[in-house]
Each structure stands twice: as C-alpha cells, then as structure tokens.
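> Now for the letters of each chain:
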Amino acid sequence: MIKIVQTKKKKETKTLLAIGFLSITLISTTLLSGCTQNQNGLSIVVIGRDSASGTREFFWEHVMGKENFTSKLQEKNSNGGIYQTVTQTPGAIGYVGLGYVDSGVKALKINNITANAENVLAGTYPIARDLYLFTMGNASGLAKEFIEFIMSTEGQEIVDEEGFVPLPTSEAYNSTNKNPSGSLTIGGSTTVFPIIEKAKDAFKVKYPQISITVSSTGSGAGITSVMAGTVDIAMSSRDLKSSEDNKGLMKYTIASDGIAIIVNPENTYVDNITMEQLKAIYKGEITNWDELT
Amino acid sequence: MSLRQLTKFSTITKKTIKEKSVKTILFLSAISAVIVIFSIIFFLFQDGYSIFQTAGLWEFLSGTRWNPTGEPPVYGAFSLIVGTLLVTIGAMVIAIPLSIGSAIFISEIASPRIRSIIKPAIELLAGIPSVVYGFFGLIVLTTWLRISFNQPSGESWLAGSILLGIMAIPTIASVAEDAISSVPREYKEGSLALGATKWQTISKVIVPSALSGITAAVILGMGRAIGETMAVMMVCGNPTYGLIPEPITNIFAPVKTLTATLGIEMGEVAQGSNHYHALFGLALLLLIITLAVNIIATVILGRLKEKQKKVLKKRIPLPYGISKKIKKTLYVIIGLLVAWLLFISSGIITTILILSIVASIYYISRKISAKNIQRVAFGAIISTIVIVIIILAILISYIVSNGIGAISWEFLTTEPADAGRAGGIFPAIVGTFYLIAGAILIALPLGVGSAIYLTEYTREGKLTKIIRAGADLLNGTPSIVFGLFGFAFLVLYLKMGISLVAGQVTLAFMILPTIIRTTEETLKSVPQSLREGSLALGATKWQTIRRVVLPPAAPGILTGAILGIGRAAGETAPIMFTAVAFSGAIPSSVFQPVMALPYHLYILSTNVPNSTQNAGGTALVLLLLVISIFLIAVIIRNHYKKTIKW
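Residue numbers (numbering that gives the first Met the number 0), protein chains in the order written: chain L, 0 to 292; chain X, 0 to 645.
Isolated chain L, as found in the complex (with noise of 0.2 Å):
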C-alpha cells in the first residue's frame, strides 16, 4: 500500500516537472520568436543632441532646413554622449564636433569631402561654425589672461591639437610682467569643452597658483550662467540669439569646427554621403542603411 502511494506520488512529481519545463519553454520561445526581428540590411538607429544644444540648433538650421527630426532621433546631451553610443552601435548616425572623431568611429565625407580641418578653413566642408567664448563686459583680470592665451599661438596649438580649426592668425602669448591671481569659473557647450580642458591644463603650469574650474553644461547653460554671473567664461558653439542679444555681452571667436557625421567603423554600407541623404536620415526618410548603397 505504501509502496504504491510513494509510486504515485513520484509519477505524479515527474508530469509536474516534465510540465512545468514544457511551459517554460514554450513561453519563452514564443516570447523571444516575437521579439526578434530579422532584417534585411541593417536599421539606421539616428542619435542627435538634447535640444538645447548649440551644435543641434546649427544642424536643425543648416542640415534639415529647419523640418522637423524623425520621431525616433535619440536624444543625448553631449557630443561624447553620440560618440559613445556611435561606438556601441553598429548601425548608429550622429553628428559631433570634429574634434571628437577618432579612429573609434568612422567619419563619412560629405559631397566627396572629408571631414578635417584643411576643408573647413578652405570653405569647402558645407557644414562648419564657429566656436566662442562669452564675457559679460569686456573681459578682466584673469578671464582676460585666459582669453588672450586661448587666441595667441600656444593656445591655438592645442585647438589644432585637439582637433579643431584655428584661428588664421594669432600672436605669441606675452606673459612678462603678468601676476594673474584668484579663481576662474567656465561653463557652457560640450563641444568647446575639449579644448578648454587642455588650455586649463597648460594656463596652470604657467601660474600655479590660480584655480579653475570647468563645467560643461551646454551652450545655453553656459550663456544663461554668464548672464546670472555664476560663471566668469560661458563656452558655446552657437552665436547670440535674438533673446540674449543687447544684454552686454562680449564674444570672443576661438576656433572654427566642422560637424562631423559619424558611423560606427563596422558599417561598411557607406562612406560618403550627400547632404540630401543626410537630411532624409535624420528625417526618417531613409531607415536602412541598404537603401543608401
């Protein structure tokens, strides 16, 4: 009698488990076969900056025409932000300050024209801006040491060296006679951000005994601080709008960018691109990279 109960109750326990397996697999099966889609090509996954970007508002001008984006464009709030996503994501698009292109993406030429300093101070990169720096008033004291070391030669060599276009001429930085002292606060765009970092770096090994403090926040911000007097330098890579014009505003011009348009290195669909393309990319016109060989 014993023996048979135990007998039952084990079969019992193996249908249970042999059921309860069944189901797990089926479930999950079905789940993953209606998830995953298989494609033809691979799906352009459009990434663009936040909307309050400096480097958007000159390609939302420029590039679309001022038409609207594709609903789908992913929105970061850097230009390392698209870098970072460009590298992780084979079938990504963005659009970043020359100076972030390196051999982690693939930069495409537009209109047979690659994207490198030469061909923008040449003219002939269609999409290029420039870069500032904001006072409010005219410059003083240390922000106007630091200012003057960002435009003369060595300041410009670290604009070039990190991959941005120079200024046309500039001056040796005179530091004789000069005792500069306190502390400097700088915010603003992303994209002038590099470059700033570096000039820190080498302002500070000339006067050791200054502070400076570097936050990028993005153009607007920058501009917004400067105006509040939170910050001492704003950064952007925009020029005034109508609303901040008049407000006493002093704008010094750094260095000149491309925007780059960047792929990940594993596409291999393209390398050039025609400005009409790019603009029904980022309108979500073209949604396959196949459909652009």
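Just to be clear, a hint being listed does not mean it is correct.
Think about it this way: if two alpha-carbon atoms lie no more than 27 Å apart in a straight line, the pair counts; the simulated DSS-like pairs of lysine-lysine are [claimed, not checked]: (1) K282/L - K240/L; (2) K323/X - K197/X; (3) K326/X - K197/X; (4) K494/X - K250/L; (5) K240/L - K494/X; (6) K246/L - K326/X; (7) K494/X - K143/L.
In case anyone wonders, no lab produced these hints; they're calculated from the structure. Note that the structure is predicted; figures quoted are calculated from it, not measured.
With chain L's structure known, arrange chain X on it following the hints.
Showing chain X alone in chain L's frame:
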C-alpha cells in the same frame, strides 16, 4: 520676599524661559519639513505656471509632441507621461514577483541564518547609487539586449524597466516583509493546526491578511520608479520629441520619461525662456504624480496600523454565494482583458497557445496533491530569491572587475587630467565628502529637533499629522525635483550660484525625512517609564529629554544620520544643477562649485569618449564608499539591538 526666595524665583523663571525657548526652537525645526515641501511646490508653480498659460493646460497635458525649440515650439507632455508610465509598469512587472517572492522567502521560509545573509544582500541593492546602475545599464545591459534580441539599438523601454525593476526590489521587499511579519502568529498557528500545508497557510492566510501592506509596498516601489532619473536617462534612448511606442507593447522602442527630459534639458536651457518654464511645468507634473502615489501608499499603511490597533470592526459579509459570484465575474473580466492585450500584442496563435497552457496548468494544479503544489510554489519562491542574488552578484562583480584595474594610490590622490581619461579623482572624493558633511550638518539638527518635537512635545493631533505628512511627502519627492528646486531657489533666487553650499542645502532637504523618521522611531522605542521616572524626580522636560531620553537613543539617531549620508553620497540629480563642476580644484570657499563622485561618473560614462577605465574606477570607489557607509549603519544598528534591552 527674602533674598533666598528671590533667587529661587529667578532660577525658576530662568528655567521656564529656557524650556519655552527650547520648545520654540524644536517647533521651528519640526515645521521645517513642511516649509520645504511647500516652498518646493511654490517655486515649481511659480516658474511653471506660465507654460500652462502660453501652451494651454489641456494642450500641455494631451499633446504628444515635445519640441520646445522648434518653430513654432510645441509643448506636449503626453508622450513623456506615457513613457514614464510604460517604464514604471515594466519595472513593476519585473519587480513585483521578485520582491514579493523574496519577502515571503525571508519572512516565512528561510532559516534565521540564511535570513541574516539574504536580508542585508537585498538592502545592498538599495545602496547602489542610481548612476552606477545607469553606468552598468549603458555598457552591459543595452549591449546585451541589442545583440541577444537582434535589435538595432538596445537603449529602450525594456532596458529602463529592467534597471528600475531591480532598483525597486529592495523598497518593495522590505515593506512587504514588514507587512508579512506583522501578521499575528495565531493566524499562522491556527491554519497549520487545522492541517493546512505551509504553502496553503502562506497563500491562503498570511498573504491575504498582509495584502494591504503588500499593496502599499508595491505603490511605494512605484513611486520610487517614477521619480528615478539617472539610470533611466542613461538607458532609455530618449527619442527627441517623446515617443509613444508603436504598437504600445513594443518593448524595444526607445521612450522618453518626464525625469529624463528634465535631466537632459535643464542644464542647457536659457533661463526665463518658455522652454525653462515648460521644464518647471513638467517637474510640477512629476511631483504631483509621485505625491499622489505616495499619499495613496501612506493612507493604506495608515489604515493598516489603525486596523492592528483597534479590534477589528466586523463588517457584515455578503452572503457566500453572492461574493463568490462577484469574484467569478471579476476573474472573467480580468482574464478577458489579459487575453485581449495578448491578442493585440502577439497575434491569435500565441494568445491561444498561452491561454491553453495557463488553462492546463490550472486544471492540472487542481489534480495535484497539496504537498506537490507546495514543492512547486517553494521552488518558484526560491528561484525568485536566487534570481535576485544572481542579479546582485552580476552587478557587483562587474563593477569590481571593471574598476579594480584603475584603482591605484595615484588614482585616489591626484587630480584628473585629459578630461578625466587620465589622472585621478582626488578632488571628486573630497568634494563628495564636503557635500555630505555640509548636508548632514544642516539636516541632522533640523531632523532630530523635528523628531523630538513630534514625539515628546505634542499629542497626536492635527499638527503632528501635518508635520508627518510633510515629511512623508518630502520623502516621496523625486531627487530631480530637489535639483530643480535648488536651482530655482538657492542658485538663482538666493544668488548662491552653482556652489558647494547650494548643493549641501539641497542634499540636506533631501535627507531630512530619512533622519526625522529614524529618529522618531528610536525615540518612541525609549520606554515611557524612564521619562516618568525622571519627571517624577523633578527634572524639567528638556532635562529629561537631554539626560534621559537622548543618550540611549543616540545610536539609533546615528544610524539614521549614516543612512542619510549614504543616500546623499550617491545622488546625482540634486547636485547636477546646483553644485557640481566637471573639473576644478578643491573649493576654497563654500561659494565655489565642487567636483563629486557620482557626477564625475555620469560625465565620464556619457560625455567623455575612451574613458571607460577611469569611469570603472570611479564607479568602484563610489560603490565602496556608499556600501561602507551603509555597512557602518547596519553594524551600529545590530550592535545597538543586541546591547540595549529594556
């Protein structure tokens, strides 16, 4: 009057003056939480309401396009609200089974020894800073999702839900466990004595009687998930105009949540523009949603407490047959709803398949002996706890293995170089310590004073209710809202600028409710007889509090303070707009910006290419810092539990 009498008189008046002034000071600190929550609402409203006028309240709430810099600008928050809800619902689907399973395991199944290991492990999940989750999600989770599901991009609704689900587990599990543990022993014993199996007792007696507590736990977890910023911002993809997935069940679509919109756009917006006001409008919306969720949870928990206190008032039950019918129709309606959702999302074949599987499982389960059902149920519960532990192990081992290579003496003691790719994080470590030190210096006196006033100086009444509600609401306020408030009030209105002090005050507001709550609980645990003894000996009220009540409560208060510090150390969103800079020296005054570990990690992992090694190192240092702070709190708490017995 003799001289002696006169001196006696004057000491008495001195005493009463002292007592009165102490009471006033305590009262002022007690209402601080209420003042803070009201000023948060006030400032959000002040900066946000104009968008309801320019865009129209209805358009703001129902518009599906968020394009504040377009021409013309469009402010439609609906798709952002939908994004928030979708991510939260997904998170709950993941978190509810895992955390309730864990709660049942800890309170009913585990042996005391296993419990003493598992419980802190789950609490550890709560200690991991949001930005560390985001860092993990950005590098590991999204890549894994993209490859294993063959998607073009892993940054999606699903990624956000998984992260938020994990983050909500400790909140839900701990409140649910409290609820389950507080079910009277007699219920359990009665059921077992009647011959019910352990699982029958758990499923038919214990869980139903703890149901309202479990519901509150889920709602609290939901509140946490809705307000979470950093992790969501880093993994959800953030489609630029906000996007309602098509179809709505497409879990691989990117979504943009309210918090992510605030986190991304707030830093770059021109102050005073319509866009700026629109963001404050969003923050107000977010605050209202989370407050509503938290109020619901508080009400449920409050009722639960009353229920436990009072003898159960008997409701007249519906006749058995009718209540059964109601239940049946409810089940049918829910079943149809689920079937319909399945049909929409995955077509007719899978619907039939899944439904038949469910039906057969139900049918078979009725035929199986109670013992075997218990086996299956326990197996499922144990697997939930195993999953939670595995998740924790993956997270910790990833952070450790990824960060250990970067850690060196130089890394800890030098300044960053090359935009954080090289050099160390010394100023960020110091900055974090400055921030938490300032926050605790402000929050501890306010919080302790407030708790003393609540427990020692007032009877339960309207005033205590208001103060407690203020603290609860403050506790439920999303950290990004604190950030916005700090920016509008401290940075701009009080003209502190982006500065150390602004960050300290913002963080202090954030941890204030934690300190109030823990202190209150400790003070309540000091027996009334001690107070009565002291008062009977002629001590004044303040003397009693200072000499008799506070000393034994000190370890408990310390624990609360440390928990607050731990929370402050890991938070990013509140300091993002108020205090931090990406690079800079150690500040020489409180009016300078500082570097901080969580923000440094955020910027390295999202803004600076090729900085993975230092980002990993920063994540590890931050994790170790926060976890060791929590460990100290746990050790003090355990030690205190063991040594003090009344």
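> Would you mind marking each hint as holding or not holding in the structure?
To see whether the hints hold, each was checked on the structure:
no. : hint            : in the structure
1   : K282/L - K240/L : holds (25 Å)
2   : K323/X - K197/X : holds (25 Å)
3   : K326/X - K197/X : holds (25 Å)
4   : K494/X - K250/L : holds (25 Å)
5   : K240/L - K494/X : holds (24 Å)
6   : K246/L - K326/X : violated (68 Å)
7   : K494/X - K143/L : holds (24 Å)
Checked against the numbered hints listed earlier, the structure breaks hint 6 alone; every other hint is satisfied.
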